[in-house]
Amino acid sequence: MAWNTNLRWRLPLTCLLLQVAMVVLFGVFVRYSPEADAHWIEAKEPGNLSSDLENEFYYRYPSFQDVHVMIFVGFGFLMTFLQRYGYSSVGFNFLLAAFGIQWALLMQGWFHSFHNGYILVGVENLINADFCVGSVCVAFGAVLGKVSPVQLLIMTLFQVTLFSVNEFILLSLLNVKDAGGSMTIHTFGAYFGLTVTWILYRPNLYQSKGRQSAVYHSDLFAMIGTLFLWMYWPSFNSAVSNHGDAQHRAAINTYCSLAACVLTAVALSSALHKKGKLDMVHIQNATLAGGVAVGTAAEMMLMPYGSLIVGFICGIVSTLGFVYLSPFLESRLRIQDTCGIHNLHGMPGVIGGIVGAVTAACANSQVYGQEGLAHAFDFGGFKTDWSSSLQGSFQAAGIFVSLAMALVGGLIVGGILKLPIWGQASDENCFEDAVYWEVPEEPKNAASHPEDSTLKAPEP
Amino acid sequence: MAWNTNLRWRLPLTCLLLQVAMVVLFGVFVRYSPEADAHWIEAKEPGNLSSDLENEFYYRYPSFQDVHVMIFVGFGFLMTFLQRYGYSSVGFNFLLAAFGIQWALLMQGWFHSFHNGYILVGVENLINADFCVGSVCVAFGAVLGKVSPVQLLIMTLFQVTLFSVNEFILLSLLNVKDAGGSMTIHTFGAYFGLTVTWILYRPNLYQSKGRQSAVYHSDLFAMIGTLFLWMYWPSFNSAVSNHGDAQHRAAINTYCSLAACVLTAVALSSALHKKGKLDMVHIQNATLAGGVAVGTAAEMMLMPYGSLIVGFICGIVSTLGFVYLSPFLESRLRIQDTCGIHNLHGMPGVIGGIVGAVTAACANSQVYGQEGLAHAFDFGGFKTDWSSSLQGSFQAAGIFVSLAMALVGGLIVGGILKLPIWGQASDENCFEDAVYWEVPEEPKNAASHPEDSTLKAPEP
Amino acid sequence: MAWNTNLRWRLPLTCLLLQVAMVVLFGVFVRYSPEADAHWIEAKEPGNLSSDLENEFYYRYPSFQDVHVMIFVGFGFLMTFLQRYGYSSVGFNFLLAAFGIQWALLMQGWFHSFHNGYILVGVENLINADFCVGSVCVAFGAVLGKVSPVQLLIMTLFQVTLFSVNEFILLSLLNVKDAGGSMTIHTFGAYFGLTVTWILYRPNLYQSKGRQSAVYHSDLFAMIGTLFLWMYWPSFNSAVSNHGDAQHRAAINTYCSLAACVLTAVALSSALHKKGKLDMVHIQNATLAGGVAVGTAAEMMLMPYGSLIVGFICGIVSTLGFVYLSPFLESRLRIQDTCGIHNLHGMPGVIGGIVGAVTAACANSQVYGQEGLAHAFDFGGFKTDWSSSLQGSFQAAGIFVSLAMALVGGLIVGGILKLPIWGQASDENCFEDAVYWEVPEEPKNAASHPEDSTLKAPEP
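Chains as they are written, first to last, in our numbering: chain A, 2 to 461; chain B, 2 to 461; chain C, 2 to 461.
Everything labelled a hint here was simulated from the structure, so no lab data went into it. Incorrect hints may appear among the rest.
Pairs involving identical chains hold if they fit within one copy or between any two copies, as the list cannot separate such chains.
[What the hints assert, rightly or not] Below, in silico cross-link-like pairs of lysine to aspartate or glutamate (EDC-like), each with a Cα-Cα straight-line distance of 20 Å or less:
| id | residue 1 | residue 2 |
| --- | --- | --- |
| 1 | Lys45 | Glu55 |
| 2 | Lys275 | Glu439 |
| 3 | Lys45 | Glu125 |
| 4 | Lys45 | Asp379 |
| 5 | Lys384 | Glu372 |
| 6 | Lys210 | Glu439 |
Use the sequences and the hints to build the structure in full.
And the structure:
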């Protein structure tokens, strides 16, 4: 079937409508947090702050910038591995993230930063907005190459909303700890995306198979994304942890887990190839699974060897997933998962939730110290009577809530996106930039590159 | 006309002369600021500093590194979109910036950090030197592909000088606030570069038209530049703001403005194409206009919705500029603006100056608090009697001074660069790396890549 | 001779064995440093810490992330200049660094952070592990394209061990200052790598000559590596310096040295080409020599002009090395140095050691202040009677120790790697990804890219 992919009015109107709505809602609701407000100079003295450095900005800003790079360059370039979909991978990721962070500031703000009728925004909100959009970038990986930018904006609108509700249930109702988002970001994002792509199943996608692979340079572009994700993941998992030791510990645990994950991903990639050769897909993706899987437990006393074990397992699970599970999902369950997010975010996300629940359940005052335990899990106030095992149970419940929200949400949003009015491409035109982009013609032959000898520059 | 593009003696001599001059001038003038001097350990106790963290280094260093990335990777790769000018885009940008930061340390140092015969250099000077070079990178965008590296070094020498004079007039004489440099960096840099390229008009440039466009991979390289500029712009606009809330606020405002700008740039790009397709040029450039336009006001109480509005407008203005104004400037005014800096830095820079003037003029003690207002605008000392509206007037004057300096300076420098002795290429050899670089030959055919089957490695 | 390059069992087993060993050793030995441990909340009050910010994390973390980028993106992409070795450059660098940082945490931990039977790991350990791996990345540059990933893992295992011993001798026995690692990282890494490649001499390497060069896009990928190394080098040299002025000063000195280095590298590159053209190899490498050469002295009172002089000289020395010395080393001494690490790390590293020794020997209390001098060189405790000139002598001794360790270690490790069992490629298959990677076939012709006209999307 051939659909109309001309977006001339649909895309501009969607963008402008959404952006006007953002301006109005920001005007009504969003103000600066006290630490970003010019009144802070008056507030800090009675607040007993000895120094400007006590501004939350200095605790979080370097991590924020690293997370920002992960969302825009990390996810954007990770998806450029497709030979003819680089513009769309980077460009649509840019577009959906730019909209998503605004909408996330509002949604998360209403749930978590709403005071006297205003959402008070500071650097932590910016990080959380990036996190929320991260889950949309994950889901984008499942539908990459098969949806129009209008569909992506609509998916972002709904997914950010559902993410925020799910996050509220987990963090505020279940009192779950999930600083690196194994459950809220990765599990939710992955299974949401997989459900959407299942609804959007394209029976004739084999017609685009020729473009659903890499060329040499596109794989190198993708490695830019992989490496920035890998390198900055310690910032991701520590960005919103408690000040001091918790941030410190989260960075160390993530560093360890990711390192271990690289070795087992390489080992499996080679072992599963008949000539022992490495597959770029595994290096680009499975090496990151360790970061996903310590998302929940990174700030806990997981211990460096615990982190190594988590990374060890996830490198294996993720690579096995690419080799055996993805083809099965596509052929039997009709889940066309372009980037293999089930292997990078789905399974490792669930593992991360389980690791977090177990680590929380095992927490005790010998390992954490009396004060440390209360501080790490907010055992105080109405949680005074909580035990570690109760915390662990609630952590486990968080996994199921996230999965349920993802599945139900994905069904509804997938249904909406299936309407044939959003400018999506036909099956034979998937994975092709030229559908939505003005693409330069390839130079016909090498003669169009004047070599040295043809330059009309006389020598002295 | 064919010119001599052999730089064998001109480029080495220029580089060595300039660098020797830098060594001598640094030897005579440059020393460490007290916070970078080994005496600091003695100084900090009477100075009542409770902690090593109070060293300015920790307030500014993360922002400095982000700004550094913007100058070298951001601007450098943004200009690699040309199909055969990648080496020069990245390489010449590298060269001019490396020289420019040294010269800027001296020029800005004489104006702002001169004490007892010495320029005292600290991390804030490094940031300001990068900022100054940023304005040269902007101007480079206008003449990209048409000038030799010798011309670029000479342009840098003069432009850094003029920048520093202009900056001194604005910041020290007019007491203007311009932390993100809408006026000093973008307005000045853009109109200076446009004037230079107007003087250097090349009537037969159409002969190089075939190379004045992108190929598929060059556009992806350019997106690396775009994204690092976009992501780190909050650091750019907050890097030299007051400690605490001002830095915090500047980051938030820039984040918001840039996000809004992406949506309107995409909307206009699609709306202005007859089939609704997106144009990479707009995505690479117009999405950044929001960062330029909050440069002045980012540290003020612009409010998040104010930032969104600024970004909203600039995404539209900038994209319209690329579609309608640039062709007009080239055909009617003979301004050949390779990268369209008028759309990305010129118009948004002026808008940024206006936004800053209006925001300053509207400032009051209700919004800022009594102390906050005085702190934000340095109302104190000889400025005790200043009102917000007076500040606003001086802000507005800063725009005109910057424009005047840019135009007059551009005319003079353009005249110097027009001399046919700097190794510039002829019109038909523009936008071509092979003029100044040893360029590898393209592989003649795919056979030069041995595929698996041709590898002489027997299997076991 | 044709070797068996099938790694199916060798690579997976090596990876898994090493990783299991890491898990076990981490389990036995590695715990969190007090500042990353949940007990910190109890410890900080008696420790008189006024704020969470006093956690070492906030002093070092931004620098750590910059160093991390240098190791993985910097070194990884710097080596992608080869036309058909991009996967291996980035991928093997990723693999060896991921293993190396774990092993370095252990080795360096036993020497420097061993308390009551446990290695206590904090952010400074992460930085030092990255540093240690940096020296392996340097050595990798010499053997790039000629070794299998199994060989690289074995080289990493031994080199990290030797590095740690050498570092212990220098820092703990000789009391040498070497914060940026001119001696420990660059001199040791370079001469170790050169010795290994000398042992692994391949007489018929000319058979792979066609692939031992760049193509247009591979040079641009390499510039990503160059620029991230160049930009973040101030963080590298300041990352583990003393808090406060020393970190501040190290960043300034490195910034200055690198800037000067760019100009002289460009000057020499042009002057040494018969038509005055620039060579990408020089721009990619020689521009970095200034960062190597201020590694030791960056935190000392080298003065900004001193840094410029160091950079000035190293840009010249390094470029001359590429043009004259590397061909000589290859033809006469049979040292096949793929990336020219002798020019970028070897000579500049030795220069850096000398500059450090001289700067230390000249240190006096007039320049540093009484307290500052003692603080900068740890003159106190058992070093109470040390003079600056004694410090200088020990610094100089450090150079020779590093060279000796590198040569002896390189001979042994080279001998081990020469065994024909590690899956190395034959001489005619060097510099070729297809040996170890599943490489996508190149599209046969442009027809495989459907252009606009062929898209089956009807217009409305």
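*With identical chains treated as interchangeable, where does the CA-CA distance between Lys210 and Glu439 reach 20 Å or less: within a copy, between copies, both, or neither?*
between (22 Å within a copy, 18 Å between copies)
_Copy assignment of Lys45 with Glu125, given that the CA separation must stay at most 20 Å_ = within (19 Å within a copy, 24 Å between copies)
*Is it within a copy, between copies, both, or neither that the alpha carbon of Lys45 lies no farther than 20 Å from that of Asp379?*
between (25 Å within a copy, 19 Å between copies)
_Same-copy or cross-copy closeness of Lys45 to Glu55 [CA-CA at most 20 Å]_ = both (9 Å within a copy, 16 Å between copies)
*Is the C-alpha distance from Lys275 to Glu439 at most 20 Å within one copy, between copies, in both cases, or in neither?*
between (41 Å within a copy, 11 Å between copies)
_As a check of your reading, is Lys384 near Glu372 (CA-CA no more than 20 Å) within one copy, between copies, both or neither?_
within (14 Å within a copy, 40 Å between copies)
Violated hints: none; the structure is consistent with every hint.
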